[in-house]
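Chemist: Chains B, C and D: place on chain A using the hints.
As you go down the protein sequences, you meet chains A, B, C and D in turn.
Read in order, the letters of the first sequence are residues 1 to 315 in this note's numbering.
Read in order, the letters of the second sequence are residues 1 to 315 in this note's numbering.
Read in order, the letters of the third sequence are residues 1 to 315 in this note's numbering.
Read in order, the letters of the fourth sequence are residues 1 to 315 in this note's numbering.
Quick caveat, the hints were computed from the structure, so don't treat them as lab data.
Since this is a predicted model, take the numbers as computed values, not measurements.
Computed spacing ranges between beta-carbons, pair by pair: (1) A:ILE88 - D:LEU240: 51 to 59 Å; (2) D:ALA89 - C:ASP81: 30 to 38 Å; (3) C:GLU286 - A:GLY239: 16 to 24 Å.
Not close to chain B: a few residues of chain C, all C-beta gaps over 12 Å, as computed: (4) ALA43; (5) CYS60; (6) ALA89; (7) GLY116; (8) ASP124; (9) LYS127; (10) LEU163; (11) TYR292.
Derived, one-sided and incomplete: chain A residues facing chain D with beta-carbon distance under 10 Å: (12) SER133; (13) ARG141; (14) ILE147; (15) ARG230.
Glycine residues also receive a C-beta, built at the ideal position from the N, C-alpha and C atoms.
4 protein chains.
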Amino acid sequence: MAQLTPRLARLGHVALRTPDVAGSVAFFENMIGLEVAAASDEAAFLRAWEDHEHHTLMLCASAETGVDHVGWRTVTPGDVDAFADLLIAEGIEIQEVPAGTELGQGRAIRFQTPSGFTYEIYYDVEKVAPGGSRLKTNTARAWARGISPRRIDHVNLSTTRVLAEKTWSEQMLGFHTREFVSLAPDALGAAWLGVSALAHDLALTTELGDAHRGLHHVAYFVDSASDVLRAADIVAEAGLVVDHGPGRHAISQAVCLYVRDPASGHRVEIYSGAYLVLDPDWEPIEWTIEEYGQWWGAEVDRTSATTSMGQTTPW
Amino acid sequence: MAQLTPRLARLGHVALRTPDVAGSVAFFENMIGLEVAAASDEAAFLRAWEDHEHHTLMLCASAETGVDHVGWRTVTPGDVDAFADLLIAEGIEIQEVPAGTELGQGRAIRFQTPSGFTYEIYYDVEKVAPGGSRLKTNTARAWARGISPRRIDHVNLSTTRVLAEKTWSEQMLGFHTREFVSLAPDALGAAWLGVSALAHDLALTTELGDAHRGLHHVAYFVDSASDVLRAADIVAEAGLVVDHGPGRHAISQAVCLYVRDPASGHRVEIYSGAYLVLDPDWEPIEWTIEEYGQWWGAEVDRTSATTSMGQTTPW
Amino acid sequence: MAQLTPRLARLGHVALRTPDVAGSVAFFENMIGLEVAAASDEAAFLRAWEDHEHHTLMLCASAETGVDHVGWRTVTPGDVDAFADLLIAEGIEIQEVPAGTELGQGRAIRFQTPSGFTYEIYYDVEKVAPGGSRLKTNTARAWARGISPRRIDHVNLSTTRVLAEKTWSEQMLGFHTREFVSLAPDALGAAWLGVSALAHDLALTTELGDAHRGLHHVAYFVDSASDVLRAADIVAEAGLVVDHGPGRHAISQAVCLYVRDPASGHRVEIYSGAYLVLDPDWEPIEWTIEEYGQWWGAEVDRTSATTSMGQTTPW
Amino acid sequence: MAQLTPRLARLGHVALRTPDVAGSVAFFENMIGLEVAAASDEAAFLRAWEDHEHHTLMLCASAETGVDHVGWRTVTPGDVDAFADLLIAEGIEIQEVPAGTELGQGRAIRFQTPSGFTYEIYYDVEKVAPGGSRLKTNTARAWARGISPRRIDHVNLSTTRVLAEKTWSEQMLGFHTREFVSLAPDALGAAWLGVSALAHDLALTTELGDAHRGLHHVAYFVDSASDVLRAADIVAEAGLVVDHGPGRHAISQAVCLYVRDPASGHRVEIYSGAYLVLDPDWEPIEWTIEEYGQWWGAEVDRTSATTSMGQTTPW
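The shape of chain A in the complex, shown without the other chains (with noise of 0.2 Å):
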């Protein structure tokens, strides 16, 4: 029965490898404009300032970089205990994650994708005390530094199984496909999910070669298409290369603008205008590969993930 289903609630966080913790920081601080809410030399742990979780980004010491997971938030606090159950059911290998693990977390359970991403579940998690801003839905000053997104957005994951990832994500996990790009017959090319009434809460991007997974990129949300110009212009100011954009995505219908951390190579989007879902009975949207395209402005490069060995995609 569909409502015993569990449900997961929303992206929770990515947990990304740099092998330079500081420098990463560093950019995602200053430049990006997130809040730090702990950092040492082993991890960061890093929110925007309408983020009402510890951290929904999280940067780990490692000598390659790389997605280390992405944290997913459950409905309610039994959905961990019935998506271990279900998964196990699978037969899933189910790591579990003590509370404190992972800091300013409860308990959680891991487990890998059919792509290898390590995902997370979890429900229990510290909020934000409030007090950081005079606007009491706040849990930081807006505009304090840089570009500063209101909130984390989505992730976007290169894989070079993408229809697999999307089918398993449908069922084991219960995302909705939004809109997804079809190559061929049984082949896609890319695929938009959700589980919450954002357009898509993650997106699976074809990646080609022995590299079978990374990151695309983490988006966070900024309120207007003026503040995607904004952050070109702080950007382009620091001297780091726009990685594409701006530009209106087809699909989704969002601004966009793409910058990398030069400390781990990792890319954010910062990103605004996207529909919202919220009819239960919405319908996944094909489109061509011939169709497919930015609406508007600089086309994305959809040539690497961070992991990549330096294949083109074929789109």
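Modeler: Chains B, C and D only, in chain A's frame:
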């Protein structure tokens, strides 16, 4: 069991009475910039360019202005009967509305709330066929005329009984309270409630005097604060009075502008920038009457719903 | 003596040839959102909502597309004769244009620039009567249709002889160079020149090949970068190709979008955010070809003026 | 002969007295976001990121708040002596200000206007060396801190003698009146005057009572109405009171926000969207007191200049 409770997905539409359907259509089509799905001397049906249902605004010919009914769409088809059962069990009279009674809408149920508002609950509705825009997720072209909002957002109803209406909405319809203004113990000045991820789908505002119910406003969403200011330009150029705004509400953080339909007196809010409720554990936020106010900008006139007898509210 | 030198006040209008006046009017009226002052099969006259002259754009029926002439308005009535004297003294042939020859315009003089552009210098012109807007300083309502720019800004002309044209414009017409791109000693790729406080009223862009003159673009100003993006939405929804942009030029700092009139091929820039030259001692700024580029955003196609034979520029 | 009349090019700087230089610097540097060129206990010198002169704002230690002087820059070096001659011929006392008296500034002359404002006229000034920004035409990085305006725009002075001050400014200094509010025959409520292409460089606002002069506000320009709203966010988050706005003035069409320096009480306007005066034949526009008002948005408090004794203006 929580999961078995029927759920509302979203505000579907607001039906407003007007003594001048053609005049109100002219305002909502040309000034606000909605699309007319159908119109006759008796009724008109309009929607915004990202609304997917047949209509989100109905205008009904009537000697007196006022709210005819508010339509709420459920998450599943079965939720309609489940709500009917719940309401009947509480002794509330249910009226069956056969499919087609309201243009573009399937079978629905109607009933009165404690304040006397007529609510309609339905799932089946005619979705707009694709093709109205080159963007697959839009149902009409943006920027075709006037203010050109993207989608309906919420309804704000005035009542003399905010607390009772709020409690009933939570218990019977599953609304969650996001923020509220307390006047005294057991007295609320206003409350903002949601069923979707929007900051609120329903607001309740104190109305004094004999008139115990009416429309405070119906809100349509635009993408940015810039668009709210563009709306102010359009309203001022047309010689209409900006009812209040632009300003940013402390509650919801939305940037707002209010303007009235000259033909009916109904107030429309042009609205952008509110937070989303993506967290599963949002705690209602209390504001005292002393704390309450605009974050910045012109104060909103809270003196009167459409059906007001002219009394002013105490705040 | 410098003070006695005649002075140009501003760009008055650009007159473009089009094989399809009605088609070009449809584009400039409905898509760009200009007001039509007058139109016939032979010619049409348009202006933006803050343009005070009878027209800032003239469309002339012609078998071939191209620039018919560019009109420059002087600071004083006497400046017209003073310019005539100066030009005649240099051996330049002057053509008298009696009042009324061009609709809404008084007496003017015409002549050829070194690149072969026809310039018109005039002072007397019909000013638009008040009443077109509730704002006393506007001549029409803003946001009435389409992109709805505020006023003409500048003209960008392509020529094979940028350096000669620039020097002549400075010496004979009193233009001041604001910025320029140097290709080599004694070779310019482009130059931006002004007579008013605008970042530039005239730009000169290299055009290769036999075609030694043409329109690169005529620019209309919108208030903000948001409005440039709104223009991109309108252009994309109409199925027109964004010729390039949105982006921010390093030169002028303007945010730009380029779109072509389908009927004539003429390119229009939607433009905002340039600096003003209020200082009396602006020094021309040199960019090498290596430095030159967009500050951010899609590169502008510099390959072709309207009359181009298809050769590409070297930069 | 008109061409031989000396000319002012632009507003150069405003020098304000403050009882707390450090406190005022903190406000203008951190909240407004200006760059500090130099600061001591006695005086501080600031500028915006596109200001090219050494400073556009001077803060002078003084027991009493108020306007110290207003600096106007001429079109040519010779204009300074020409103005001195003109003023002396009218019996106005001229004070020589040797180069270096004011940091970063060459030789100047000072004198009193009919209302008793001290004006400074100069040409020689230290221009900011390039290198403060990657954009060659900027002198510092945009978006570094706080509101981050682009450049100084205008000064608005309060006086009991608007008409006399306006007439004198036109006759002696070459100002042109752009718009004015008439209270009665021979009585002006306010006037807006320009020497550059800006809608106004100088505004004069009626001040009642014994205090016959003071600062209404100094205005700094931001690129868009969005940036004005961002300024409102920053001001509100800091717990400062928005003195008035945001709104759009009918006069100048500018979108505005007013905030006061807590240390001195001086009012700053964050300003965008005014028209430019590019036409050589602008006719002054009259507004009656009945017509006058905001185009939309919160009314501006016109009750008091910094040195006001608390009387309110009649409009």
